[in-house]
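There are 2 protein chains.
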Amino acid sequence: MLQTLRQDFVPTLPSIFSDLSRVSFRAVPSVLQPKSHIVERFPLSFQPHFFEGFLAHKTERRPLKVGVVFSGGQASGGHNVITGLFDALKLLNPRSLLLGFLGGPSGIISGTYRELQAEELKSFRNQGGFDLIGSGRTKIESEEHLQASLSVALKLQLDGLVIIGGDDSNTNAAALAEFFLKQGCSTQVIGVPKTIDGDLKNPYVATSFGFDTACKVYAEMIGNIERDALSAKKYYHFIRLMGRSASHIALECALQTHPNLTLIGEEIAAHQKSLKQITQEIVDLICARAEKGKQHGVILFPEGLIEFIPEVSSLIKELNGHLNHSQLSLSEVQQKLSPQSQACFQQLPEAIQRQLLLTRDPHGNVQVSFIETERLFMEMVTTELAKKGKSISIVPHFFGYEGRAGFPSNFDCHYCYALGFTSAAILSAGLTGCMCAIQKLHLPPQQWQVGAVPLTLLMDLEFRKGKEKPVIKKALVDLQGKAFSQFSEKRELWKFEDHYVFPGPIQFYGDPSLSERTLYSIQFDQ
Amino acid sequence: MLQTLRQDFVPTLPSIFSDLSRVSFRAVPSVLQPKSHIVERFPLSFQPHFFEGFLAHKTERRPLKVGVVFSGGQASGGHNVITGLFDALKLLNPRSLLLGFLGGPSGIISGTYRELQAEELKSFRNQGGFDLIGSGRTKIESEEHLQASLSVALKLQLDGLVIIGGDDSNTNAAALAEFFLKQGCSTQVIGVPKTIDGDLKNPYVATSFGFDTACKVYAEMIGNIERDALSAKKYYHFIRLMGRSASHIALECALQTHPNLTLIGEEIAAHQKSLKQITQEIVDLICARAEKGKQHGVILFPEGLIEFIPEVSSLIKELNGHLNHSQLSLSEVQQKLSPQSQACFQQLPEAIQRQLLLTRDPHGNVQVSFIETERLFMEMVTTELAKKGKSISIVPHFFGYEGRAGFPSNFDCHYCYALGFTSAAILSAGLTGCMCAIQKLHLPPQQWQVGAVPLTLLMDLEFRKGKEKPVIKKALVDLQGKAFSQFSEKRELWKFEDHYVFPGPIQFYGDPSLSERTLYSIQFDQ
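Order-wise, the sequence lines are chains F and G.
Numbering-wise, the working numbering puts 266 at position 266 of the first sequence, and it's gapless, one number per residue.
Numbering-wise, the working numbering puts 54 at position 54 of the second sequence, and it's gapless, one number per residue.
Incorrect hints may appear among the rest.
Here are the computed lysine-lysine pairs in the DSBU-like style, where the Cα-Cα straight-line distance is at most 35 angstroms [to be verified]:
| # | chain 1 | residue 1 | chain 2 | residue 2 |
| --- | --- | --- | --- | --- |
| 1 | G | Lys233 | F | Lys473 |
| 2 | G | Lys317 | F | Lys233 |
| 3 | G | Lys317 | F | Lys234 |
| 4 | F | Lys387 | G | Lys317 |
| 5 | F | Lys294 | G | Lys65 |
| 6 | G | Lys155 | F | Lys292 |
| 7 | F | Lys495 | F | Lys390 |
Honestly, the hints are just simulated from the structure, not real lab data.
Generate coordinates for the entire structure from the input sequences, incorporating the hints supplied.
Pasting the structure below:
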């Protein structure tokens, strides 16, 4: 059974960790420019350097008491960050303790935790999910939450707190690190880059963990569907892929599977395309393929696509404004829309109109991830084709949750275990307000280089809810980057030739070209 | 890359095939009783015995010219049936030829084919899909089609025709075998049991090919979603599984993954449950779990479920009647429904009403596989919960196409390659109107026993479109069988304890307990 067999898998560590008690960090010049408005806001935790791991003299390490927490949605490999952290802490000093905060950041605020033990961790080694300690979406942002976290850190006498999360959670980790310093609390705060979306990315962090596994799970399914389409020859498959705003997952899956068309949100925004234009492009492709006798095809839609379509983006902003700040009825909301947004709203299929008006998050905002974009285009394309007296069979799909908590790929097993070791080493070296940064991920794990990048070096000011806020910005797909260039060179070929690739299920054993397969986005970034 | 690496995988054959030119078949008493009304209708091809493969004296085999066709939906392993058939034919006599009919049975009728060559077959070894020669749903049933097939068989001087298909295709294969004999045509017709649905099953055929791979692909996804549910703790996942009428796939996936609830169509029919009752059971489970503090869960719905709910089944029958035989408008159709069916129709969510009225096959029948049962129950459960002032987040899923054409599991690779060898051996032995029957599938492939079961022994009379027709009936889930008993013993435990199992992705290499994992339905049937 895979569950038990995977427990015995031993991830490969970067060679520096073969002598953990010699690992130290030294400041080297950073390729990132310090921003003065960030420096001002983080006077105590700001650091202008990158910290590079190196082998120093062996030093005795004192026992550490460390807390760890999962923040936000699942990403495969999270359990390995914890086992790596645990193993490294115990190696550095067997009297070290690791506390797991339960149910996400709210566990920190309320001081709900459990001490993690070697025995319990056994069955979570190399397993998917976050179920060891759970996760949650509470954000430690308010003064009240910061104070509560401080009390818990002081009460538990924590030496360190490791926050495993995405861009927002790491942003909040930076604020917490600064707050602790300001209050004279010695608890160091370290961030670990987690998110399947791939949008937590910078010159020092080529990818967040979980992205590899999610893309490979989705690519397995897309490949299977491509093979089915090619065999049945009578269906178009419209596949929406999870991944929030950025289109990284769609791009990586496209490079892995060569579908006939992949919409990239960032490109659509750059070209200011309208719903109608996109629909027309799909219709044109379908008609051109039909002329070649092809009644089948596969098209990928990133989850965040509609936010990148200018008219829909404006509509959503207006809806958020109206829905958020008033007790208006839905028909009143519609009437309050600007003429442009009314026009945009009117052309949407009824089911999507309903989703826009009814699926709201606790703040009253439209939940973009609940909008079924694949069905939106299915209806719009069907209608346009009907005008030409044509029809095709479209099958809608959404791949999301099945990619967040599966067994981590070998890459994510290695990477996360190394992230756990790295966070222990950073804590032991006395740094705070840093994110674990492992470089050279395109090489075998032994050759990875470990480091720590100050969270403040990753931050910019952004307008959020009308205020300037220092945040780690989501990294969007770089239209000048190598991954997008490769894709854009090849895609014309994929449109008409069925140049499908079938990656198949993630392999954990056998030929390294399968079991250690490196993502294109990681290879190309080098 | 898996595509190329899998090409070199060598399936293990039953030991009898180590000396193919000695393989012969002998008649042994059958456990199936001949039925007189079938005997009468198949006077020439009927045979009362089972044919067991055995090693006789080595004999020179003459070259054979054989046609092969895929009929119906994709099932993983189909290409291995063809490569097995090809390799065996060439082993028996290098001058043998294999013709692939293109695009399904319509390729036979129109005589559209391609001679298959060793070089071309290389890249299809151990690959998913049916794209080598395509497939189709045309049925060779009418006198006209039988005649056309006869002309092609005579013109091509075919010694044999291998039809790779499900229950209907094998039924038609029996009629074709009888027709050929009646017309003095010597083309032998052999059926190969194909369908992911698992409903082509009898005392000699424990499973059709493709069922293993499909269940494992779905179980991977279900396991991933269970782990996500257990981590996020805030979603109910309503998952519909492909598989047509019978609930074999849902049952096997339940045994592999232990979801909180799995609806089995056959059981619902046996207990004459109404839509309302089923909804209530789901609501009760959700409320009982909520009392234990659990806001998450996973529920499986077989695709054919609604056909087993008596009131919905009656409604569909009435709709088929009205839609089929008239040019009535949709509102007129509704008015024509019986009071019971009107009541049933009224309680359905609007989107499902629309699906029932608008999604019709070419014969005007409701297409049950297009009804989104998971969304039907999502709406009904949400409404019932709202009446109690409660709410939960439900995420709907449909797993279907991604399980039909993926890389065949090692089991399906072995099984299909052996089915190809078996059909060649049966043809070489001069039998016709038989289905390949490989027994002892729970043992390693070397120990499998090969045989041929006369298609006529598998047939019964069934009323179809008002006429008695001899058919191979779909095998439904046996509520007295071992697989269902195991499930029904355990399911109470699975309801409240989250006893989830995470099977993970299909493994092709490494520990045999993973790469050669046997399905529960195959194990239990022994």
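Evaluation of the provided hints:
no.: 1; hint: Lys233/G - Lys473/F; result: holds, 28 angstroms
no.: 2; hint: Lys317/G - Lys233/F; result: holds, 30 angstroms
no.: 3; hint: Lys317/G - Lys234/F; result: holds, 27 angstroms
no.: 4; hint: Lys387/F - Lys317/G; result: holds, 33 angstroms
no.: 5; hint: Lys294/F - Lys65/G; result: holds, 31 angstroms
no.: 6; hint: Lys155/G - Lys292/F; result: holds, 31 angstroms
no.: 7; hint: Lys495/F - Lys390/F; result: holds, 20 angstroms
Hint violations for this structure: none, all hints satisfied.
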